[in-house]
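Student: Sequence:
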Amino acid sequence: MTAPNSPRLSAKDGAEHELWQRLDDPASARVLADAYTRQFFEPFIWRERRVSDVARELQVSKTAMLYRVRQFLRLGLLEVTRTEPRAGRAVRYYRATSQGYFVPFTATSAESVQALYETSVDNTRRSVLATLTRAWGALADDPRWFGLYTYGDESGLKSHALLPYRPADNVHDLTQRGFLEPLLDEHAPTIWDNTTALSLRAEDAKALQRELHALQRRYSRRTSGGGKTYLLRLTLTPIPVSPEKSI
Numbered sequence: 003m004t005a006p007n008s009p010r011l012s013a014k015d016g017a018e019h020e021l022w023q024r025l026d027d028p029a030s031a032r033v034l035a036d037a038y039t040r041q042f043f044e045p046f047i048w049r050e051r052r053v054s055d056v057a058r059e060l061q062v063s064k065t066a067m068l069y070r071v072r073q074f075l076r077l078g079l080l081e082v083t084r085t086e087p088r089a090g091r092a093v094r095y096y097r098a099t100s101q102g103y104f105v106p107f108t109a110t111s112a113e114s115v116q117a118l119y120e121t122s123v124d125n126t127r128r129s130v131l132a133t134l135t136r137a138w139g140a141l142a143d144d145p146r147w148f149g150l151y152t153y154g155d156e157s158g159l160k161s162h163a164l165l166p167y168r169p170a171d172n173v174h175d176l177t178q179r180g181f182l183e184p185l186l187d188e189h190a191p192t193i194w195d196n197t198t199a200l201s202l203r204a205e206d207a208k209a210l211q212r213e214l215h216a217l218q219r220r221y222s223r224r225t226s227g228g229g230k231t232y233l234l235r236l237t238l239t240p241i242p243v244s245p246e247k248s249i
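Heads up: the sequence shown is residues 3 to 249, going by the working numbering.
Hint data in this document are derived by calculation from the structure and do not stem from the laboratory. Heads up, the beta-carbon is just placed ideally off N, CA and C, and yes, glycines get one too. Just so you know, not all the hints are guaranteed correct.
[Claimed, not checked] So the derived label-pair ranges between C-beta atoms look like this: (1) Gly90 - Asp27: 15 to 25 angstroms; (2) Ala199 - Arg84: 44 to 54 angstroms; (3) Glu59 - Trp147: 47 to 57 angstroms; (4) Glu205 - Ser54: 46 to 56 angstroms; (5) Ser129 - Ser54: 18 to 28 angstroms.
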């Protein structure tokens with residue numbers, strides 16, 4: 003279903019498409035709300051793609067990918083943009099029918115907003131963990147060298163990170179410099195994963211939020227072909243104050 007007065011834009015082929023499409027049909031909404039299913043649809047959002055290319059990208063069989071494409075076509079989420087003749091069966095190119103989609107909560111089967119959020123981001127969360135795990139391999143190839151370092155001082159938690167084992171003298175040095183400091187070395191893998199609690203005034207927390215947004219936008223503009231693709235996830239959320247701490 004299309005949102006009323008939905009803005010439209012023109013694609014390279016001159017055809018007009020909806021900029022935003024509202025999905026009130028539960029079957030269509032499930033494609034965008036379910037993280038596992040959405041991974042098969044995302045490569046087609048506003049990009050013309052072949053089934054074989056997307057299957058290779060997602061590391062699934064062409065048959066499995068074709069099943070998904072037919073499902074999206076039936077739901078009206080995908081369209082054939084052109085057909086390329088060749089010996090044997092012609093090659094079809096597909097693209098999503100809209101550049102953006104809105105799935106209302108009422109179109110999902112989620113019992114709560116939290117449940118909807120968890121279902122929606124679950125696949126992304128697992129992707130982050132998988133890629134991080136592979137990257138950690140550049141620090142030590144034997145998992146027995148790894149362990150969790152949790153460190154704090156009188157002001158609270160300072161760092162919680164997964165790192166290779168370090169001798170006591172080295173660990174003492176890291177508490178002064180920072181546990182993740184070695185990752186900044188030139189030849190260390192370009193990864194960063196850290197959880198820390200900050201005590202900030204409201205205006206400072208808002209400033210940090212805006213700086214994180216500006217930082218992401220600044221580096222998004224530098225995106226160009228030929229480089230590696232990095233998965234970036236920024237999270238900032240207030241921690242509820244327990245009744246004991248508020249006394």
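Student: State for each hint whether it applies.
Tutor: Hints, verified against the model:
1. The hint said 15 to 25 angstroms for the Cβ distance between glycine 90 and aspartate 27, and at roughly 36 angstroms that hint is violated.
2. The beta-carbon spacing between alanine 199 and arginine 84, approximately 53 angstroms, falls within the hinted interval of 44 to 54 angstroms.
3. For glutamate 59 and tryptophan 147, the hinted distance range of 47 to 57 angstroms is not satisfied, since their beta carbons lie about 32 angstroms from each other.
4. Our hint of 46 to 56 angstroms for glutamate 205 and serine 54 holds, since their Cβ atoms are close to 53 angstroms apart.
5. Remark: the range hint 18 to 28 angstroms for serine 129 to serine 54 is upheld by a beta-carbon distance near 22 angstroms.
Hints 1 and 3 from the list above are not met by this structure, while the remaining hints are.
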